[in-house]
Amino acid sequence: MIPELGHFAVILALGVALLQAIVPLLGWRRRDARLLSFAGSAAQGQFLCVAAAYASLTYCFVTKDFSVAYVAENDHSQLPLIYRITAVWGAHEGSLLLWVLILSGWTLAVSVFNRRLPLDMSALVLSVLGMVSTGFYLFILLTSSPFTRLVPAPAEGHDLNPILQDPGLAIHPPMLYMGYVGFSVAFAFAIAALITGRLDAAWARWTRPWTTTAWMFLTMGITLGSWWAYKELGWGGWWFWDPVENASFMPWLAGTALIHSLAVTEKRGLLKSWTVLLAILAFSLSLLGTFLVRSGVLVSVHAFASDPSRGMFILAFMAVVVGGALTLYAWRAPKLVTTGELKLFSREGLLLFNNVFLVAACAAVLLGTLYPLALDAMHLGKISVGPPYFNAVFLPMITPLFLLVGLAAVVPWKRGDWRETVRRLRWPAVIAVILGVLLPFALHGRTTLLAATGALLGTWAIFAAAQDVWRRMRAKLEWRAGLRAVPRAVWGMTLAHIGLGIWALGVSGVISFGDEKDVRLARGAETELGGYSFRFQEAGEQSGPNYTAQQGTVLVEHGGRVVATLHPQKRLYPSQGTVLTESSIDAGLMRDLYVSLGEGYDDGSWSLRVYYKPMIRMIWLGGIFMFFGGLLAASDKRYRLARAAERRAIEIAEGAVA
Amino acid sequence: MRYAIPLVVLVALIGLFIFGLQSDPRLVPSPLIGKAAPAFDLPTLDGQPQRMSQADLQGAPVLVNFFASWCAGCQEEHPYLMQLSRNSQVKLVGIDYKDAEADLRPWLTRKGNPYGQILTDLEGRAGIDWGVYGVPETFVLDAKGTILYKQVGPMTPEVWEHEIQPLLKATS
Amino acid sequence: MPFDANTPSSPPGRGPGFALHMHLRNAKNWIPACAGMTKRLGAALLLLTIFTANAEVETVHPPIPLTEQQEALYKGLLPELRCLVCQNESLAESQASLAADLRYEVRGLVAKGQDEAQIKKYLTDRYGDFVLYKPPFEQRTALLWAGPGLLVLLGLIMLVAYTRRTRGVPTAPPKNDEAALKKILDDAP
Chain A
1 MIPELGHFAV ILALGVALLQ AIVPLLGWRR RDARLLSFAG SAAQGQFLCV AAAYASLTYC
61 FVTKDFSVAY VAENDHSQLP LIYRITAVWG AHEGSLLLWV LILSGWTLAV SVFNRRLPLD
121 MSALVLSVLG MVSTGFYLFI LLTSSPFTRL VPAPAEGHDL NPILQDPGLA IHPPMLYMGY
181 VGFSVAFAFA IAALITGRLD AAWARWTRPW TTTAWMFLTM GITLGSWWAY KELGWGGWWF
241 WDPVENASFM PWLAGTALIH SLAVTEKRGL LKSWTVLLAI LAFSLSLLGT FLVRSGVLVS
301 VHAFASDPSR GMFILAFMAV VVGGALTLYA WRAPKLVTTG ELKLFSREGL LLFNNVFLVA
361 ACAAVLLGTL YPLALDAMHL GKISVGPPYF NAVFLPMITP LFLLVGLAAV VPWKRGDWRE
421 TVRRLRWPAV IAVILGVLLP FALHGRTTLL AATGALLGTW AIFAAAQDVW RRMRAKLEWR
481 AGLRAVPRAV WGMTLAHIGL GIWALGVSGV ISFGDEKDVR LARGAETELG GYSFRFQEAG
541 EQSGPNYTAQ QGTVLVEHGG RVVATLHPQK RLYPSQGTVL TESSIDAGLM RDLYVSLGEG
601 YDDGSWSLRV YYKPMIRMIW LGGIFMFFGG LLAASDKRYR LARAAERRAI EIAEGAVA
Chain B
1 MRYAIPLVVL VALIGLFIFG LQSDPRLVPS PLIGKAAPAF DLPTLDGQPQ RMSQADLQGA
61 PVLVNFFASW CAGCQEEHPY LMQLSRNSQV KLVGIDYKDA EADLRPWLTR KGNPYGQILT
121 DLEGRAGIDW GVYGVPETFV LDAKGTILYK QVGPMTPEVW EHEIQPLLKA TS
Chain C
1 MPFDANTPSS PPGRGPGFAL HMHLRNAKNW IPACAGMTKR LGAALLLLTI FTANAEVETV
61 HPPIPLTEQQ EALYKGLLPE LRCLVCQNES LAESQASLAA DLRYEVRGLV AKGQDEAQIK
121 KYLTDRYGDF VLYKPPFEQR TALLWAGPGL LVLLGLIMLV AYTRRTRGVP TAPPKNDEAA
181 LKKILDDAP
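Protein chains in written order, with this note's numbering: chain A, 1 to 658; chain B, 1 to 172; chain C, 1 to 189.
The hints are simulated quantities; they were obtained by calculation from the structure and are not laboratory data.
Just so you know, these numbers come straight off a predicted model, no measurement behind them.
Among the hints, a few may not be true.
[Stated by the list, open to error] If you only want the chain B side, here are some residues facing chain A, beta carbon under 7 Å, derived: (1) R2; (2) Y3; (3) L16; (4) L21.
[Claimed, not checked] Here are the computed lysine to aspartate or glutamate pairs in the DMTMM-like style, where the Cα-Cα straight-line distance is at most 20 Å: (5) K120/C to D129/B; (6) K517/A to E80/C; (7) K382/A to D125/C; (8) K75/C to D518/A; (9) K382/A to D56/B; (10) K267/A to D636/A; (11) K75/C to D636/A.
[Stated by the list, open to error] A short list of chain A residues far from chain C (calculated; beta carbon distances all over 12 Å): (12) W331; (13) K335; (14) L342; (15) P400; (16) G445; (17) A466; (18) R472; (19) P545; (20) R561.
Virtual Cβ for every residue (Gly too), placed ideally from N, Cα, C.
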């Protein structure tokens, strides 16, 4: 009964979404405020329907209703409750339901927060979101319903893929989808602007907090994904340049470019057509990611079970949505031309440089990801494009961004002043050069070109960003007052840029000085790595809630002192007959010690993989900084001004009634 | 005009993806096609003769089938291989890949032996030289020992009739 | 002493639970699953494997000692080589048994004093260019390698052209002052 209700709720949501797409458009043609304001109610109704559908699938998982095919595939009676709840998005069908839940959540948020927008703008935005939702509901109902029954119902479920039974992965997809889907709002704003032809500073101001919010979730989603892969895949890598990762990284790059070009459009009223194009691109790349992950056109480590009919549907959907948007763009964008001088050495000029490098980097990732497919299509043979290519191409492409980041806060709008710039940045520059040379030696006793460059660029980004806050703090007589006067938007930018610097330190550190070893150790034997000695004590049996494990004990010593006891496991999940290596990590800001278990031998010895990963935590710490930077920027006061005014008006009105 | 460039790029990408949906990204073409069969020297299962090398494959067209008793795809193609061995003139040589003899013999007894000769590649060295990356894989060799075709995955009637037979006809 | 274990995988029939896994993995061997997530094959294959209780013989490779220089070459090479049976993993990462065999081959070639180009040729002769994660520069990959640079160049040219075009153009008054914004907001129908 419950799954049928869920299925029905999705059908209902489809109907509401269709109305939400069509009625406001009619209202806009007829200039009918009643039809326009229907969009908001539809958005709320749609959310209720999807929430009901989502709740019923969760109910099926929690109550282990194996008569539902999707539940039987991904649930198990021994699965801990928390993973029964997260298993809802453990495979294709359910994750799609999570996708539409989040999409309708964003739609709901737009309908609530956009009350201060012109009614036609807000209604058109909701209409576009309704169109996007319609496509996804059709996708669910036609190809991927999670509510299909299985007759006869099996006695036991097939279980959630054990590799997904991990807290990192439990929250990674929702975060990622918040980002992917969030870009649909910027997309909808762009389409609404193209339709109405109203694309001004106010439009940019409305769009900015939505974009920033989506971006910060995407940042967090990617960060969590990287952290999960590091700890779960068992060989210490944190980024693989896998097609699926690239699929999430491309919208991030486009979204980052969008955030920066929106600033230009808001402050200077320039670059309108470019900004609109980026808004369309960011969401289009999200859709592209969905296609790549779910269609099976590319071989990937973490793709969903693929199905060409699904691939065909998303492709057709993408063609309609993106094709429609770009056609509208080709038709309307020429009318958005704005005049105004833009100097290369000004904040907007530097932001444009930023856009050039970000978009080029994004295009390079796309090129590398699709190149093998393109060659194959032209019958030029099968090749692989992997991490060595991307590292060689991508790192040089983003290096100029670090130089720009340092200038960001210093160069004013319209016209920069070289002398002032040099005056304010000389200390950060001097510090960066000194640390670039010394830091690798101080931390690791030697240096490489990459390590020095990373330390230089990283500390440059950090200190140049910090000097802006420092200067603002010093501008007031009392430093606390100065600190309080720093707007949240500035805090946000500063934190995000510091995050980028921290990330660079981490990346260059771990690539330059990370080390690893494959060893076979007998009981009591030890091996040396990165100045630590790893002693293999013993291996024994362990059991968890739904697995049994062989667990090794490895004692790590440094300078004669035990610094960590690690327990790498090799788990057998009998439900799927899967064996997983569960690595054991002693984490620290400056270094991780990482051990994973290989094979056991008859003589009691085991093969182990031992890793020394200096500064790897900084990679994710950088991501966390960027997330909070986004949070602060999105909650800046100026986005709330209008709402505060609105609230005052309401208070006055209520006062009059009382 | 330049505002239409993104649209053009999109159309190209969609064309690319339509192609992508119809091809299997996992199939890797062999660089050995058109070349002489790689050298090997492997023991035979029945010991008559004791060992065989690539030179022993020459003289008539032959199918070289890498298989193993532990592989599911091999079970799938096995009935068809039996049928081929009965109805076709072409010689079938099996190379048993990383398989224990103790597992293989009962498997053959139970299911039947379609092979004219079985070689055992216990360590998978010959597999590497032939570029095998999963079993079953089947190579088609002409009378001179040149590799004409490679089938990755189970042999099927479609592949036999539409790909392999025409090739064999063309060479004979 | 360290030795190149490289997951020299277990001989068949060790430990009941782990043996089951080996069958499962090997059962799917022609679409082999590595650490990846091919899950759907599950139920159907389970049936098949129950009566084929045979296991792939996994070769135990003896250690090959390398000099420090050779070790560096070996470690540098592995991430550039693609494991063919896997979804998308390098030889350094993969736990597939073919990957272990190939690691052993590569290590052996390194020990024989072969250089990077020779080892890559050894692999491409057998498996084709697909094994190289870093495709060599040639006619068909020219765009792949030159593309990123061209993109940056194109972007910079467009940027400079844009600033040239707008030189001296009077700037439209920025609409970002609160009064103008408020007016726009108030214009709402």
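Task: Hints the structure fails to honour - done: 1, 9, 11, 14 and 15
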